[in-house]
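**Q** Sequence:
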Amino acid sequence: QARQADLPHLHAFTRGLDDDRAAVHAALTLPLHNGGTEGVNTKTTMIKRQMYGRAGSALLRHRILLG
Numbered sequence: 001q002a003r004q005a006d007l008p009h010l011h012a013f014t015r016g017l018d019d020d021r022a023a024v025h026a027a028l029t030l031p032l033h034n035g036g037t038e039g040v041n042t043k044t045t046m047i048k049r050q051m052y053g054r055a056g057s058a059l060l061r062h063r064i065l066l067g
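Everything in the sequence shown is counted per the UniProt record's numbering, starting at 1 for the first residue and increasing by one.
Keep in mind that the hints were calculated from the coordinates and are not lab data.
Among the hints, a few may not be true.
What the hints assert, rightly or not - Across the chosen pairs, the derived CB separations fall in these ranges:
| hint | residue 1 | residue 2 | range |
| --- | --- | --- | --- |
| 1 | Asp20 | Ile64 | 29 to 35 Å |
| 2 | His62 | Thr37 | 19 to 25 Å |
| 3 | Leu7 | Arg54 | 47 to 53 Å |
| 4 | Thr37 | Gly16 | 20 to 26 Å |
| 5 | Thr14 | Gly56 | 25 to 31 Å |
| 6 | Lys43 | Asp20 | 27 to 33 Å |
| 7 | Arg63 | Leu30 | 29 to 35 Å |
| 8 | Ser57 | Leu17 | 39 to 45 Å |
| 9 | Thr37 | Phe13 | 22 to 28 Å |
| 10 | Leu17 | Thr44 | 29 to 35 Å |
| 11 | Arg21 | Lys43 | 30 to 36 Å |
| 12 | Phe13 | Leu59 | 31 to 37 Å |
| 13 | Leu7 | His33 | 26 to 32 Å |
| 14 | Glu38 | Leu7 | 42 to 48 Å |
The structure displayed is predicted, hence computed values, not measured ones.
Glycine included, each C-beta is placed from N, C-alpha and C at the ideal position.
Use the sequences and the hints to build the structure in full.
**A** The following block contains the structure:
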């Protein structure tokens, strides 16, 4: 139905799903994800922004590892 509709954005979306079929299938069926990594990246960025201009990289490293 989506391919027969006159909606170019929907056509592009379905084409992308077809091109990435294996990745989409893996994302929906496997229990693996990168949520933990994304959380650590967000936390590190927040600490870095809070400490902007305050101290060197040694203190930033300690805050990240201990926080």
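**Q** Next, verify each hint and record whether it holds.
**A** Checked hints:
1. Asp20 - Ile64: 29 to 35 Å: holds, 33 Å
2. His62 - Thr37: 19 to 25 Å: Hint holds: Cβ distance 21 Å, inside 19 to 25 Å.
3. Leu7 - Arg54: 47 to 53 Å: Once the Cβ atoms are compared, 51 Å apart, the range 47 to 53 Å for Arg54 and Leu7 holds.
4. Thr37 - Gly16: 20 to 26 Å: holds, 24 Å
5. Thr14 - Gly56: 25 to 31 Å: violated, 51 Å
6. Lys43 - Asp20: 27 to 33 Å: holds, 29 Å
7. Arg63 - Leu30: 29 to 35 Å: About 34 Å separates the Cβ atoms of Arg63 and Leu30, which means 29 to 35 Å holds.
8. Ser57 - Leu17: 39 to 45 Å: Between Ser57 and Leu17, where Cβ atoms are some 43 Å apart, the hint holds.
9. Thr37 - Phe13: 22 to 28 Å: Holds, at about 27 Å.
10. Leu17 - Thr44: 29 to 35 Å: holds, 33 Å
11. Arg21 - Lys43: 30 to 36 Å: holds, 34 Å
12. Phe13 - Leu59: 31 to 37 Å: With a Cβ separation near 46 Å, Phe13 and Leu59 fall outside 31 to 37 Å, so the hint is violated.
13. Leu7 - His33: 26 to 32 Å: Because 31 Å falls inside the window, the suggested range holds.
14. Glu38 - Leu7: 42 to 48 Å: violated, 32 Å
Comparing the model with each earlier hint shows violations of hints 5, 12, 14; every other hint is respected.
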